[in-house]
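Student: So you can see what is in the structure, the chains are spelled out below.
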Amino acid sequence: MTAHQRQKAAFCLLWLAAGVTVGVLVVILAYILLQGMPHVSWEFLTAESAKMGQEGGIFSAIVGTFYFVLLSLIVAMPLGIGAAIYLVEYSDNENLNSVINFGIDALAAVPSIVFGLFGFAFFVIFLKPITGGWSILSGSFTAACMVLPTLIRTTQEALRAVPTSYREASLALGATRGQTVRWVVVPTAIPGILTGIILSLGRVVGETAALLLTLGGSLGIPHSIFEPARTLSIHLYLVAMEVGAMDKAFATAAVLIILVFIINLSAGWIARRVLR
Amino acid sequence: MGPIAKIKEQLFERVLLATALLALIIIFAIAMFMFQQGYPLFKKIGLLEFLGGCTWRPLEEKFGILPMIAGSIAVTAVALIISVPLGLLTAIFLAEIAPQWMQHLVRPAVELLAAIPSVVYGLFGMTMIVPYVRYLAQTKLALSLDPGYRAGYSVLTAGLVLAIMILPTIINVTEDSLRLLPPQYKEASLALGATHWQSIRYVLFPAARSGIMAGIILGMGRAVGETMAVIMVAGNTPIFPRSLLSPVRTLTSNIALEMPYAGPGIHRQALYASGAVLFILTMIINLAVLLIRFRQVKTK
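Those protein sequences? They're chains E and W, same order as listed. According to the working numbering, the first sequence is numbered sequentially starting from 6. According to the working numbering, the second sequence is numbered sequentially starting from 918.
One or more hints might be untrue.
Just a few of them, taken from the derived set where beta-carbon distance is under 8 Å, the chain W residues facing chain E [as the list claims (entries may be wrong)]:
| id | residue |
| --- | --- |
| 1 | I943 |
| 2 | A1015 |
| 3 | L1030 |
| 4 | L1207 |
Please keep in mind that the hints were generated in silico from the structure rather than gathered at the bench. For each residue, glycine too, the CB sits at the ideal point set by N, CA and C.
Please work from the sequences and hints to get the whole structure.
Tutor: So, in structure tokens, the structure goes:
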């Protein structure tokens, strides 16, 4: 075989690998949507579950997901964005930076079930008087810890993309560092920060293991953040594994996939607008 | 600047510093809770009995997690064997030869693979892959297999599902490290008369080696830490996996399966102790990645 024939064979292999990667995604999406969509109806989305999820709809899981995701982001956003601002705009201590960065990487690597154990011991048991035990609040605090790394990293990138000349111009006009950050750097970086928030949202929506131990998984519609709830992901798991109602599980999975699809599309859309 | 404005400035910076330190504080808090809650178990049954014990029977107060450690290693190994070649080839494709339209197709596909919730992978695995493996086990291999190994819930199934789940990590990190190489490497190789493939194989790939290694280790970390998808397809019997088709329980699934009903006491302590083991494992993985990245920077 000549070098060129070999190249041709190798490139075929590369095309094949990329094809397999895309193919796997297509198979999964098609399979879940084909199995699930026939069972998705307006009634499925708006009715409460009956018989442990065997019958009825997923309204309580949708409400639970909504409260839980919203609260997680409200808790995580100021913390993650604040940390990123400090690391990019303020800190000039190399050692402190690398220690903090190690902490962020380590946090990103911790398995979600370990976050679950932590959340259970700290938020559910230790802070029970505040969080009410298994509750949306406990779940949200746990999830906020988990998305912190994603949020910090994406915000850092967005801040670094702001040209230095903006900062210099603002400082030259007599603005302080804090004013420059608040009125020049952060507003310029908003679209990038927004992309990070949406990506974190996707992670929170898909999270399950940690919530199994902190959110409570109750089937009722939650009336406050101190009550237990279940998200769509937990609902899917419990319905598939413990109830065995596969049609409901597939329908829930289809709804989840569409949700994730919309989240991803909007993140991509915002990112593209920034590049323009 | 007035004194009040100055104080406000300083306060602003302090608050930001506090948020930046939070990640570290959380990591310490997690470590503290795992060890504080798990410690009584080490004291009661001993570290060796815990890590090296082969039976897990909470009712008889037997807490040996060796089968689960072996289970985690087994499913992770299968996942890596499938995912590493596929991921590396796809990453080389994206970084080197993909035409524009293919990039616009493959990249969003990889992003979406990363975004699909793990329970959805679990559902896919248990209704699509498990039946295939079960068919294989009951027809082609039925005579040579122990009846307990014919259900389709197995090391192989869990490894396959995990392989898909860690693919995005491996692809993204590998592609990044290929793209970060100085363009002169490729130009010099091509100028010497090497073909594009020869340049990829003998110049670019070796040069990006440490970055690729970091990607593989990160993928490994994800596979070890994954819980829900594995529970849904692995069969979860707490025994030593002896074959690719044997049911298996991993460290993570053990915790998720038993925590909901483990009352306060030695059972819960054992699960927290497993959490501590997992925590140490991820810290080792993280340090390895850090070390590789550090060496990478030094050699450049």
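Student: Each hint needs a verdict: does it hold in this structure or not?
Tutor: Evaluated hints:
no.: 1; hint: I943; verdict: holds (5 Å)
no.: 2; hint: A1015; verdict: holds (7 Å)
no.: 3; hint: L1030; verdict: holds (5 Å)
no.: 4; hint: L1207; verdict: holds (7 Å)
In the structure shown, no violation is registered for any of the earlier numbered hints.
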